[in-house]
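Modelling step: build the complete structure from the supplied sequences, incorporating the hints.
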Amino acid sequence: MRDIQNIVSPRVTSPAKASSVKRFPQRETTPTRPKTSVQTSSVLPSLHPPRTEDAASPPPSPKPLPTTPAKSPRKRNDVAAPQVSPSRLPRALPSNLYPALNAQKRATLKALHEISVLPQGDSEDDDNTEPSANTAAFNQLRGLLTGTVERGEGNSCMVIGPKGSGKTQLVERAISTLPEAPIVIRLSGFAQTNDRLAIREIAWQLAEQTGQSLLPPEQDETVQDDENPFIEPNAEVAVTLPPPSHLLALISMLPTLPRPTIITLDGFDLFALHARQSLLYCLLDTVQSCRAVSGNRGIAVVGVTTRVETINILEKRVKSRFSGRIIRTAGLPLFDNWIGAARHALCSPIQDESECDWSNMWNASVDSFLHDQQVVRLLKETFTLTKDIRVLGRLLVATVIALKPSSPALSTSELAAAVNKQRYPPRFSFLSSLTYPSICLLIAAAHVRTSGHETFTFEMLHDAFQDQVRTSMSAPVTVDGGGIGMAFEKLVSLQVFVATASAAAGIGKEFMKYRCDADRSEIKDAVDKTGQLSLKKWLTKAQ
Amino acid sequence: MDRAVIHAAPSDGYANLGYELSELVASYPPPFVYVHDPHTTRIATTTVVSTLSTLRENGANIAFAHVNAVACFTPRLLYDTALNAFAGWSPSWEDGCANWIGPLEGTSQRFNESFDGFTHGIRAAMVERLSDLRLVLVIEDAQRLKENMPDILAPLTRLYELSHVDITTIFVSEVCWEHIRPSYGASHDPYYLDVAPSSKQEFYTPDDDSEIPLDPYTYHPVFRQLYTHFLSTTYSVCSPFTTGLDDLSYIAAATWPAFIRPVIDEHRRVAMELKEAHQDDPDAVPDSEGEEEKPLHTIVTFSAPTEDARIRLTRLFTPSITAALEALYPRQTNAITWANANIPAADLLSMHPHEIPQSLAKKVAGDVDGERALRELPRIAKFVLIAAYLASTNPARTDMRMFGRGPDARSKRRRKGGSPRKTSAKASAVKIPQRLLGPMPFPLDRMVAILGILLEENDADTRLSAPEYKVPGEYTEIEISRVGIYAQVMELASVHLLHRTSPSDRLEMSPTYKCGISYDIAFQLAKDVGIRLNDVIWDPVA
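Chain order of the listed sequences is A and B. Just so we're aligned, residue 1 is where the first sequence starts under the UniProt record's numbering, counting upward by one. Just so we're aligned, residue 1 is where the second sequence starts under the UniProt record's numbering, counting upward by one.
In case anyone wonders, no lab produced these hints; they're calculated from the structure. It cannot be assumed that every hint is accurate.
Counterexamples of contact, computed for chain A against chain B with all Cβ distances above 10 angstroms [what the hints assert, rightly or not]:
| # | residue |
| --- | --- |
| 1 | 249 |
| 2 | 308 |
| 3 | 381 |
| 4 | 406 |
| 5 | 413 |
| 6 | 457 |
| 7 | 503 |
| 8 | 507 |
| 9 | 508 |
| 10 | 528 |
| 11 | 531 |
Restricting the straight-line Cα-Cα distance to at most 20 angstroms, the calculated cross-link-like pairs of lysine to aspartate or glutamate (DMTMM-like) are [as the list claims (entries may be wrong)]:
| # | chain 1 | residue 1 | chain 2 | residue 2 |
| --- | --- | --- | --- | --- |
| 12 | A | 524 | A | 414 |
| 13 | B | 431 | A | 454 |
| 14 | A | 110 | B | 132 |
The structure presented is a predicted model; accordingly, all values stated were derived computationally and were not measured. Using N, Cα and C, we set each Cβ at its ideal position, and we do this for glycine too.
The following block contains the structure:
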């Protein structure tokens, strides 16, 4: 115990110590949330790497445990510091609660890590009459995919929803709960920027999934008779890609595979930007002409996108082959849902036998945190700006990271700091920490803009700076030093000054044209923060 | 040789960064983290990497790759570097420095061909190693990705969902995410980690300086206290100009050997005296020749200098730190050269204060050479350069007013427009002198005409008498049409004092040039040949 106290001392100064803090709670003590058990039999691992799951864990309660106002004296004795009331977190944590705090931190971070799948858990517990949008979407998508897997249908649909509304999770969950494991090909418009790459990727993933033991040998023969170009009988992961001319033909072979195929296209709108949309055409054409012939298996194409009018950018021949099914997901519609999600994540249960009053104390502190006026205001403000729940996740992660035994409760000031840093961080918050010559150059740039010139050269700023030094006689900077030129280069490398034209031969470095990306108010803030009167005067001086 | 390395802890901002990152990576890291350090990215990267390796040493199940986007300027290089690190593979010379191929051995397929190959490679590396390994990809100087490989910027930020493994991408950069962010929301928002500016004067000392022939006692542990004082002096001198920790430590490393030198000299002197006293002592056993190699601290008790000496040293060396800042911060020279050029006189501390030269810092030859080379140009080349400078700076329409000479008043310049300042003040947008905007291109004919005026007014008296030229100005006309002038122009263009802006294969027009010298140099040259530059320049410097 002595060791532990040493390790988990409140003053964590070096990474080495910090890491040993985290090492303390073992992985098997991490609590589990009830999650639909993931059974991907595809070779690809699921989106979340498998973690040890405990099926017997109790379902989480979204609401905090009711805080019992009067604690039994026995529990009070359990706490090391007797002056601390058990229903509230003490100001500084007694050392026997350090493991509990660390476990709580870990559990909370885990929950926050998966915050975009939280809404499902919520809607089940809320006794609303109508199911949430995502539940309906899930049922619809699952029905569709089941049709493909069980009845060999060719289906296509599009999942549309704003950022962070759980689209990808939805698709993954629907695939993982199918009764029979299909071949899943996951494409992304961000990685496969043209059709050639996409088709190569299809071939590679197919080879990975069918080249392994999933394929019975006699079927292997038949497929080879069909000259199916992407099956390598002895290949483990190694893939021999078919020649490029065969690549499009590969898609039409998909229904002849031994198992049904599901193709998910993340960033569906980006595929529509490919030349002639030929990949989409081939895929959707295959889907449409998929017949329930014996031997043929189903194929489903699921597009995932945030772009609402994606269907309009499809070419006519592609659009006519698309089924037109659009499944919509939505983020949490109400602010109360947000608070609920936050509470759910923060109050993740920990498995800790010894300190049974920890969870009460913790839940009470979370409760008071979420009822704090300023916290509610900050979160509401965030909610009106974005409904992306991942932003909420980032805010809470930053708040939870700051928990230390010396300050074991969630603090409002940490949340406020996190809002500044994580929500939409200002681009030029660092200006005030720049050196004196840099700030002088910024002021000179602001004056150049005031005088009606958008672009400037180093010589112009230098000249203005020299003038100022001459007239004010107060600048502590020697103009001749290399400091001013280096300050300019620093600003360029920080991209506060942005070059308006690329460097051309014959133009000296000092005559390159730049424009200042920071606007006057940002420069003014920086100057105010430095608190130098001469600089302030210079900035406000009319020229 | 016990050269104890004096190390200081990194400042608060980096300690916080390390703490936050280790908390995150050890539990459930966000898929994409953005570390923004506008001050010293290198130290931020070092902090990140050392945090990760400490985590790994402490048993966390992670593997990480540190990729520098400056060094890895193509996607292939980036993929290979990352995959080698993930797979724990180091290319060896005997194998022909092959990269990791893993299960693709014997096939024509490679992991570095496309981003898809990269994700397959990551999965293969995972399969080869432990199953629940957590990968971390650290990309230093991530702003370079936007210029060099914009295509893979968005996929890299989405690596977690594209590769379907437990991987975290960490970008470290000096510019903020807004400048790099791909358009159309192609990437998720990162978890932001900012480094607070360092307010403390704590910086590193370079620990391996085997190339510098230093005195072995330069970093002796007994000077630790003095070193701390020295660092704070250095910080207070340099901090108005730079707060970058690596710049500060570079300057400190260059100045410290000179700073501590007098103290060591003092000890040497005392030791020498002691030795002589020993030799005079007839009882002492005469030592062998190895006496010279006898360590200093065994002869004399090695101690830190007194407070008085410290203050004296600080006062003596503060100007030299300023000089070091001016020479080393813009890297006009390097630390070793500077340190070697600035070894102080022997036994500085024992000197009388009046004997000590006022400034210890010596000017290190650098920029001065270029200027002198310019001053040594031939006289006619100087005239050509000045004429080119005027042609590049004065607007063409003002030539008549500046250089137009009537036959009656040859030597008197007429300037009808009055002061140019008055006219420019009336304009709506403030007119910026051409001198500040950079040189304009000019046709060669115009420059030659201006050269004629300059020669006529400033050079005519120095020529040999030529009675055959009767008409005023005829001699100059002949002079400027000589082939030597054109040869001089070509010569100057070849050393880039003039820049040819028209293509060299265009023959039908007068070639155009731009002047390549600055105002200061033009002013110096004009002084050399006796021209008052401000009189012939349209917008003179006040």
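Verification of the supplied hints:
no.	hint	in the structure
1	249	holds (20 angstroms)
2	308	holds (13 angstroms)
3	381	holds (17 angstroms)
4	406	holds (13 angstroms)
5	413	holds (15 angstroms)
6	457	violated (6 angstroms)
7	503	holds (13 angstroms)
8	507	violated (7 angstroms)
9	508	violated (7 angstroms)
10	528	holds (16 angstroms)
11	531	holds (14 angstroms)
12	524/A <-> 414/A	violated (27 angstroms)
13	431/B <-> 454/A	holds (13 angstroms)
14	110/A <-> 132/B	holds (16 angstroms)
In terms of the numbered hints stated before, the structure departs from hints 6, 8, 9, 12, listed from lowest to highest.
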